[in-house]
Every structure is written in structure tokens, then in C-alpha cells.
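Enquirer: Sequence:
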Amino acid sequence: MDKAQLRTKLLQQRRQLSEVQWQRQSLELCANLQQWSVFQQSSRICAYFSTQREADLEPLFDRLGKAKHWGFPRCVQKNLVWHPWQWGQPLTTGAYGIKVPTDQTEIWSPTTVDLLLVPCLAGDRQGYRLGYGGGYYDRLFTDPLWRAVPKAGILFEAGLREKLPHDPWDIPLQALVTEKQIIEISDG
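Its first residue numbered 5, the sequence shown is counted upward by one per residue in our numbering.
Check the hints yourself; a few may be wrong.
[Stated by the list, open to error] SDA-like cross-link-like pairs, simulated, lysine to any residue; straight-line CA separation at most 25 Å:
no., residue 1, residue 2
1, Lys13, Ile186
2, Lys184, Arg11
3, Lys70, Pro154
4, Lys82, Val104
5, Lys72, Gln178
6, Lys184, Lys82
7, Lys103, Gly139
8, Lys72, Gly98
9, Lys184, Glu23
10, Lys167, Gln185
11, Lys82, Glu23
12, Lys82, Gln185
13, Lys72, Pro154
14, Lys72, Ile186
[Stated by the list, open to error] The calculated label-pair distances, taken between Cβ atoms and stated as ranges, are:
no., residue 1, residue 2, range
15, Gln90, Ile175, 25 to 31 Å
16, Glu188, Ala162, 17 to 23 Å
17, Asp142, Arg19, 21 to 27 Å
18, Lys82, Leu31, 31 to 37 Å
19, Ser113, Arg19, 34 to 40 Å
20, Trp40, Met5, 29 to 35 Å
21, Trp40, Asp66, 17 to 23 Å
22, Asp6, Gln56, 18 to 24 Å
23, Thr106, Asp6, 37 to 43 Å
24, Lys82, Ala152, 30 to 36 Å
25, Gln25, Ala152, 32 to 38 Å
Keep in mind that the hints were calculated from the coordinates and are not lab data.
Built from N, CA and C at the ideal position, the CB exists for glycine as well.
Could you put together the complete structure from these sequences and hints?
Expert: Following this line, the structure appears as C-alpha cells:
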């Protein structure tokens, strides 16, 4: 199965999750993520607001409001830039219908980020991910400074695969977090 076919199949599966299943799996994933030592030691975390039934991380933003500093992406042309946001601050709708911070005064530098949480449709045990195909995270990872930031793929267990098709330019993540497990990827 190629990337496009797999993407279509996984999006259909995720859309079939009931509201209750989606919320339960999201809460379990958030609880699992909080147990991970890398997350616990991270102060500045780049995250995302859920769309298309991605794992919802908002319980973390609420619960850990001031304990962590959160950054969220905004699409600028074909690239992602990251803006700080705290629980309760206003949001607006950005590209692709995704919630983004309204205050654009500060852009985070990758040298100040401790952890990047990457939404995934699928991930494999080598750390490769399948996204929506827009290439935003692929372009981000080509920057050596962003490449150096620890990256964890966030996905539901149903998206976990033994091996995904990947291209030569794909850059593996350091970990995958699901509602059932945390898989830390060794460098080989």
C-alpha cells in the first residue's frame, strides 16, 4: 500500500471513532505522554491543536497551564513558524481550519525549544511518520536547528505500523507516543 492509499485508509478509520472513543483515547495518550521522562524534563514544548480526530492534547494545556510553555504552529507560505500560547489566551482559525494563537509578536527559535510533538496519521518502529502529505514538518526538519530538537510522533495505536513506506528525505522521529505505549527509537 502506498502513502496516499494508507493516508486515505487511516483518515477513514480515525473519522469512524465516536466522540467518546476519541476523547478516551486522547486522555489515555495525554496520561501516557506525561509519564515520559523527556516530556517531564521539557519546559518549552511545541505542540498542535487537534484537527481531523488527531489525538487531542488540550487536556495537557489545561492541566499543565503554567508549568510548561507551549508553542503552536502557524503556516506561513509553505513553512511552519511557532508562536507561544498560554491556556486561556485567544485563538483564531488559521490555514486548513486549524486553531492558532492570535498574538504573533514572538516567534520561537528552535534553539529555545525542548520538545516538538508531531501529529501523525501513522508511525513505524524506525521512527518514520505519515502525515497529511503537505510536507510542512518535512521542510521544518530540513533546518539543522529544528532537526536537533527532540521530536515525538503523537498517534493512536491504530496508526502504529511495523514499517511505513518512506522517501530518502524523510527524517525519523526520536519517539512515538500512543494511548498504550511510548516507543523510543534507537539510532541503530
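Enquirer: Hint by hint, where does the structure go against what was stated? Just the numbers, ascending.
Expert: Numbers 6, 11, 12, 24, in rising order.
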